[in-house]
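Visitor: What follows is the residue order along each chain.
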Amino acid sequence: MRAKRPFAAGLLALALLAPAAASTQAGPLRDTAVGVGEREYTLTPYRRTAPRGIVRFNVTNFGEDGHDLTVIGPDGRQVARSPEIKAGARYALRVKLKRPGVYRLVCTIADHSARGMQAKVRVTRR
Amino acid sequence: MAKRPSNAAWTEAHVRRLLWRAGFGATPEEAKRWTAAGKGATLDRLLDSRSKKLVGPTPRVEGRALDPGNEWGHDVLWWLDRMVRSQRPLDEKLTLFWHDHFATTDQETPLMLRQNQLLRSRGLGRFPDLLRGVTTDWAMQLFLSLTDSTKEAPNENFARELMELFTLGGGYTERDVREAARALTGFEGTWGDSGLKRIRYNPQRHDSGVKRILGKRGRFDWNDVLDLVVAHPRHAPFLVSKLWGFFVAEPPAKAKVKALARVYRGSGLKIKPVVRAILADPALYADLNGPGMVKAPIVFVAGSLRTTGRGVDTDAWVWLMDGMGQLLFRPPSVAGWDWGPAWMSSNTMRTRFQAANYFAQLPGITVPEGGGNP
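From first to last, the protein sequence lines stand for chains A and B.
At position 39 of the first sequence (counting the first as 1) the number is 38 in numbering that gives the first Met the number 0, and the numbers step up by one without a gap.
At position 141 of the second sequence (counting the first as 1) the number is 140 in numbering that gives the first Met the number 0, and the numbers step up by one without a gap.
Some clues are possibly wrong.
Unchecked claim - List time: in silico SDA-like cross-link candidates among lysine to any residue, alpha-carbon distance up to 25 Å:
hint : chain 1 : residue 1 : chain 2 : residue 2
1    : A       : K85       : A       : Q117
2    : B       : K196      : A       : K95
3    : A       : K119      : B       : R199
4    : A       : K119      : B       : L130
5    : B       : K196      : A       : R46
6    : A       : K119      : B       : W190
7    : B       : K253      : B       : W190
8    : B       : K196      : B       : K253
9    : A       : K95       : A       : E63
10   : A       : K95       : B       : D192
11   : A       : K119      : A       : T48
12   : A       : K119      : B       : L164
13   : B       : K31       : B       : K253
14   : B       : K150      : A       : T69
15   : A       : K97       : B       : G68
16   : B       : K196      : A       : T69
As the list claims (entries may be wrong) - If you want a taste of the chain A side facing chain B, the calculated C-beta under 8 Å gives, among others:
hint : residue
17   : T41
18   : L42
19   : T43
20   : F61
21   : A86
22   : R89
23   : K97
24   : A109
25   : A113
Quick caveat, the hints were computed from the structure, so don't treat them as lab data.
Every value quoted in this text rests on a predicted model; they were computed, and no experiment measured them.
Ideal Cβ positions, reconstructed from N, Cα and C, are used throughout, including at glycine.
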């Protein structure tokens with residue numbers, strides 16, 4: 000059987016034109032994009048470190064199930080969470096990460112995190 | 000040594016035709032310069048230039064440099080910029096050809112960018128080297144389920160496309176596919192806490208038994224399968240015909256296919272001599288005053304930017320190209336895009352007019368009478 004998956008190409012256009020979801024207000028802090036790929040059952044950030052400031056997690060769901068992106072701070076508390084991102088869709092999660100340290104990225108849907116959908120991003124002082 | 004092409008009839012129209020088909024158009028200055036230089040010098044420049052310079056405005060979107068790995072659409076803009084500013088436009092055109100030929104989609108952006116570099120670096124070299132690179136390329140491995148295809152559960156996806164789309168186009172049986180899938184087993188992915196860590200060949204996962212593929216019998220592995228398909232009599236005609244169709248509107252006559260296949264085989268399966276022969280062929284320059292091929296959306300956009308001297312300064316090109324039916328790095332399936340008249344649906348043409356309006360808004364842009372390029 001041929002590998003063939005639908006790609007919601009139109010969503011790309013929408014994503015580029017629509018304002019990103021903001022969980023915090025943008026300020027004078029640095030703004031860094033971190034691409035994130037999700038699928039069953041991996042979560043891959045394309046940048047492993049980011050300077051403290053505004054971080055935009057540009058999530059693409061390459062999988063066949065819905066996933067979310069939840070950011071957990073160095074203290075173990077949830078910092079931000081996207082809504083469920085449908086298969087083939089994209090979502091920009093904009094978060095202010097002022098505190099340096101290691102942040103965990105996970106999918107909190109069902110047992111996806113336990114099955115491998117988790118990753119780490121280090122936030123640095125500069 | 001190849002015979003030097005004659006300059007008897009080498010006009011600006013010839014140069015424009017060549018540079019649109021083998022690249023992304025010619026500025027009036029380029030058309031003049033390469034007309035004066037002659038056909039042989041123009042072909043040499045296209046095929047043998049070593050310049051790595053990117054000439055023109057550095058791409059910026061909303062005042063910022065491109066971030067192709069992390070910003071949506073910047074992967075597309077990054078490649079578009081190369082098409083616009085490269086002094087080796089044929090390299091980018093061939094990369095586009097191979098991107099369609101070895102169509103891969105829905106993979107992580109860094110892996111797709113890495114595959115793109117592979118296609119560029121081997122695009123004019125020996126086909127077997129390119130094929131080996133693609134076979135072990137992580138994006139392709141994941142897309143066609145070659146990774147983690149084991150002797151216990153061989154996956155046929157890659158074996159099937161290897162024969163159908165990549166090398167032969169026919170002349171094989173279902174059994175050949177099944178047996179080749181067995182031979183291609185053994186690649187193993189290792190996954191860490193942030194996605195894929197590596198893919199390596201693990202002989203323990205390989206089916207080392209005897210296989211029968213394309214009439215040959217042996218304990219074949221993945222390297223052997225690639226050797227078998229490129230040695231098959233269907234391979235050379237298949238590949239040279241596809242290359243021809245990328246550059247020339249009229250299908251090749253049987254004698255032409257045979258001649259190009261001879262060039263290909265005689266060179267040790269090198270791509271460059273075949274491309275040179277196609278670009279030098281009179282058929283490429285037929286009907287210079289009439290449009291023979293529909294420009295692919297990316298060629299239309301890159302060529303318009305290149306010939307007007309405008310750099311990549313907006314991400315609008317991403318949704319415009321998507322609307323025209325061709326978003327780089329996202330071919331619709333493993334079979335790639337439908338080319339030619341398929342670009343001309345009412346919806347895609349509407350977006351093409353929108354794109355033309357973007358260009359027309361540029362200050363100082365005028366279209367001289369008869370300035371269209373076939």
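Visitor: Run through the hints listed earlier and report the numbers of any the structure violates, in increasing order.
Guide: 2, 4, 7, 8, 9, 12, 13, 14, 21, 23, 24, 25
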